[in-house]
Amino acid sequence: MRVTSPSRPEPRVATRHWVALSAAAVAIAAAPFVLPSYPLALLTLALAYGLFAFGLDLSWGRAGVVSIGHAAFFGLGAYGVAIAGQNGVPQLLGAVAALVLSAVVALIVGRIGLGPRALASTMAVITLALTLLAEQGARSWLSLTNGSNGIYVPSPGVVTNFYVTGILVFLIVAVIWVVLLRGRFGRRAVAVRFNEHRTEHLGVSPMRTKVTAFVLSALVATAAGAIAAPVMGLVSPATLGIVMSTQVLVWVAVGGKGTIFGVFLGAGVVTIGQQYLGDAIGAWYLLVLGVVFILVVKFAPSGLVGIASGLLRRSVSRAASQGAVIASNGAPDAPKHIPAEGAAAVRVSQVQKSFGPVPIINGVDLTIQRGEVVCLIGPNGAGKTTLLNLIAGDLAPTSGRIEVLGEDVTNWAPHRRAHLGLGRLFQVPSLYPDLTPAQNMAFARAEAFRAVELPAELDRFSAMDDLLASDLSLADQRSLELAMAIAWGPEVVLLDEPAAGLSHEDSLRLASLMRSLNGQLGCTLLVVEHDMDIVRELADRVVVLANGRVLTVGTMDEVVSHDDVRTAYLGAV
Amino acid sequence: MELERFIFLTVDGLARGAVYAAFALSLVLIWRAARIVNFSQGAIAMAATYIAFVVTSMTGNYWLGLVAALLGGAAIGLIVERGVMRFVSPVNPLNSVIAALGVLLVIQAVVGMLFGNGYYPMAVPFSQEPLPWLAGLSISAYDLFVFVCVAFVVLGLAVLFGKTNVGLRMRAAAFSPELARLLGVRSTRMITLGWMLASAISGLAALLVIPTELGLNPHATDLVFVYAFTIAVVGGLDSAPGAVIGGLVVGVLLSWVSGYLGATLSPVAVLVLLLAVLLIKPGGIFSVTKERTA
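As you go down the protein sequences, you meet chains A and B in turn.
Sequential numbering of the first sequence, starting at 2, is according to my numbering.
Sequential numbering of the second sequence, starting at 147, is according to my numbering.
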């Protein structure tokens with residue numbers, strides 16, 4: 002394994018980006034001088050459709066939120082302009098009204114369809130319903146939409162159309178890319194798509210990130226529709242419909258999701274292909290498109306651009322982050338939350354948790370003071386992991402009260418608890434397997450609760466930038482998760498069997514590392530552990546859990562000599 | 147007069163709801179077998195109905211068409227599962243949504259190529275006039291036929307899963323494919339069987355509803371799929387009784403909305419219902435709370 006030196010954080014707009022942006026600007030400026038009018042009109046349409054695809058990609062490609070009915074938003078923009086034009090209202094006003102409406106709809110749909118317990122398919126069906134509904138609405142609301150005949154939008158001429166479209170598309174894409182995709186939003190979207198659970202425990206709300214992505218995506222699609230209206234000339238119910246909605250999915254998938262070049266390429270290839278091939282092979286065209294779509298999804302999920310860049314051998318880290326800047330100088334000087342004087346790190350009072358009729362936690366009372374190292378032991382099924390999940394917010398208690406650092410967090414979502422400085426490690430390491438170890442570390446630091454100086458043993462990952470985290474051995478993945486959680490700067494850390502699967506020597510080294518973290522950084526640690534040697538090494542206090550109750554609390558020696566503990570572990574002798 | 151209309155709308159809603167319930171059952175079946183929400187279910191059902199249409203037109207016999215819809219649906223389900231869905235990685239549930247969408251595109255394109263995008267009228271075997279001997283209930287012979295078909299499907303599934311060895315194996319394979327395989331169940335075959343069964347049922351449902359409500363065209367079942375999914379979500383995706391009750395409830399609700407407020411509003415009502423259920427009880431009304439994942 003080669004370890005490269007840590008590179009400086011990437012600038013938002015690097016030289017290669019300036020080159021690409023200027024090339025795009027020159028191409029747009031020059032096109033009308035080079036192309037005859039029919040190809041130019043086609044290119045205009047392809048650009049507007051490209052913006053639509055770019056919009057869909059903001060949610061599907063970046064944040065992993067699929068919308069099967071995105072044409073509903075696109076058509077809304079187109080109808081906004083068309084209806085305004087028909088009624089003598091400025092088209093811009095129509096576009097703005099459409100944008101406002103689409104933001105409201107997207108916000109409502111996103112809040113409901115992307116909730117913590119919604120299925121991936123829920124969002125797909127809601128958006129599908131949206132596009133079917135919009136199409137039917139456009140057909141039936143004759144007074145406003147002129148029904149199935151649609152509304153004509155006068156074109157200001159091929160060249161004007163091209164320049165207006167080209168400039169608007171260029172500006173919208175460039176601004177979103179520089180401000181959002183290269184900024185905090187882009188970083189969080191990647192993180193949420195790769196590992197929602199981990200991101201949540203680093204204090205970022207997955208739902209908020211996804212809803213933002215979806216609303217943004219709807220707005221861009223609406224803008225694309227408004228821009229496309231004069232280019233298309235006729236705005237009909239099909240503009241909002243299911244066929245248009247599936248088309249845009251095809252453009253994005255074929256071109257390559259998660260890349261700007263890819264979505265424009267996909268929209269261009271398919272749109273222009275349809276014009277020229279559509280005449281030649283007629284209805285076969287749709288079939289070909291469907292088959293290509295399935296093949297792409299199955300064999301080349303990153304599309305044409307993915308195939309091409311696979312040949313280019315980009316560096317592992319750049320390929321992994323897909324243009325998002327993971328690192329940031331955002332580590333705060335002061336912790337994001339200062340707990341009240343004398344507040345306990347964790348206080349669990351009368352907590353019960355049952356799954357259906359089965360009680361797992363049966364009235365636990367436990368207080369952990371700040372700066373303590375407490376080990377939680379107990380036989381299998383005692384409820385240790387469940388207790389950690391309750392404290393971290395992955396589960397809601399059936400009854401009782403949970404406080405973290407002086408705040409009553411009983412009904413809080415995990416990311417809000419993390420905001421208090423609550424870190425979490427899992428039994429199976431939870432990282433971003435598709436990012437490099439250095440990027441994993443960079444993300445944790447970018448979202449840090451407070452800035453900390455890492456011991457060298459953990460900091461080694463910060464320079465590991467030429468392989469993916471999923472390539473690491475299990476032991477290294479565990480260490481990386483610990484390194485991330487500590488680099489994030491938590492006040493309290495919950496660890497679930499950190500030494501599982503490690504050799505005896507490695508476990509003891511891990512124990513002394515954790516002790517030193519506790520000493521140097523003042524982290525409070527709550528550790529579930531089976532290995533008694535580690536517990537002896539690590540714990541200030543040992544809590545024994547059995548059958549969902551606290552059996553006893555004390556030092557290792559006190560606990561070991563306790564009769565009930567022997568009974569719990571060995572059965573009645 | 148008011149009461150008569152109310153009864154008419156309710157009965158009509160029950161009849162349509164029964165069909166939606168059958169459709170929702172097919173979604174539940176595949177969800178239980180493979181943990182996939184099958185977005186191509188509507189297209190499969192639509193294609194099966196085209197098969198029935200062709201057979202009925204050629205032979206002049208509705209019943210042969212019905213058998214053809216069942217067999218054709220099962221065959222398409224087999225092809226889709228063995229040809230595409232089996233190879234989709236289950237790691238990200240989004241993959242199966244996208245792959246099924248591709249299947250939908252292909253099926254609609256093929257049907258569009260063979261038959262064009264126009265509407266075909268289809269005959270039904272029984273009158274749609276209210277039966278005189280059920281005075282006041284405005285039930286037609288066709289409604290009765292629909293009820294009988296759906297009841298047959300529901301009972302058949304109950305017997306299959308409750309009483310037979312194959313049903314038990316299918317349940318085992320759905321619950322834990324690996325464990326079932328170790329115990330000698332051919333899990334992949336059971337999953338394929340689930341797809342075939344579900345596709346046949348959805349084919350039957352489409353054949354029952356397309357001639358009277360929708361008209362035969364490549365997009366006939368787009369909206370029915372949304373209705374069926376809504377019902378499956380209302381009922382809890384895992385629950386067969388939930389799908390049946392949910393289907394009847396949603397059918398009646400839609401019938402009232404379109405009867406009293408206007409037909410164009412019924413899809414809006416479905417969307418509102420779907421959003422409301424997701425907002426209030428995301429797991430479905432009939433679902434057993436199941437939180438534990440670790």
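You may find that some hints are simply not true.
[What the hints assert, rightly or not] Which residues of chain B face chain A? A few of them, derived with a C-beta cut under 7 Å, are:
id : residue
1  : V183
2  : P236
3  : P239
4  : L251
5  : V252
6  : E275
7  : W279
8  : V372
9  : L407
10 : T410
11 : L417
12 : L421
13 : L425
14 : I426
[To be verified] To be clear about the criterion: a stretch of chain B counts as covered by chain A if any three or more of its residues have a C-beta under 8 Å from a C-beta of chain A, and this derived list gives those stretches:
id : segment
15 : 226 to 234
16 : 334 to 341
17 : 362 to 371
Rather than coming from a laboratory, the hints here were simulated on the basis of the structure.
Ideal Cβ positions, reconstructed from N, Cα and C, are used throughout, including at glycine.
*Does the interface hint hold: is I426 (chain B) within less than 7 Å of chain A, judged Cβ to Cβ?*
With a minimum Cβ separation of about 10 Å from chain A (threshold 7 Å), the hint on I426 (chain B) is violated.
*the segment 226 to 234 of chain B covered by chain A? Criterion: 3 or more residues, Cβ-Cβ distance below 8 Å.*
It holds, with 3 qualifying residues against the three required.
*Given coverage of the segment 362 to 371 of chain B by chain A, checked by CB-CB distance under 8 Å (3 or more)*: Coverage by chain A holds for the segment 362 to 371 of chain B (4 residues, Cβ < 8 Å).
*Does the nearest C-beta of chain A fall within a distance shorter than 7 Å of the C-beta of L407 (chain B)?*
violated, 13 Å
*Using Cβ atoms only, decide whether L425 (chain B) comes closer than 7 Å to chain A, and label the hint accordingly.*
Holds: closest Cβ of chain A sits about 5 Å from L425 (chain B), inside 7 Å.
*Taking the least C-beta to C-beta distance, is V183 (chain B) closer than 7 Å to chain A?*
Cβ of V183 (chain B) sits 4 Å from chain A, so the hint holds.
*asked:* Does E275 (chain B) hold up as a contact with chain A if the rule is Cβ-Cβ below 7 Å?
replied: This interface hint is violated because 29 Å lies over the 7 Å limit.
_chain A contact restraint on L251 (chain B) - CB to CB distance below 7 Å_ = holds, 4 Å
*Does the interface hint hold: is P239 (chain B) within less than 7 Å of chain A, judged Cβ to Cβ?*
holds, 4 Å
*Answer holds if the nearest beta-carbon of chain A is closer than 7 Å to that of P236 (chain B); otherwise answer violated.*
Not OK, violated: P236 (chain B) not within 7 Å of chain A, min 12 Å.
*asked:* Hint L417 (chain B) vs chain A: min CB-CB distance below 7 Å?
replied: Holds - the Cβ of L417 (chain B) comes within 7 Å of chain A, reaching about 5 Å at its closest.
*Was the hint right that W279 (chain B) lines chain A, CB cutoff 7 Å?*
Given a least distance of 38 Å, the restraint on W279 (chain B) is violated.
Checked against the numbered hints listed earlier, the structure breaks hints 2, 6, 7, 9, 14 and 16; every other hint is satisfied.
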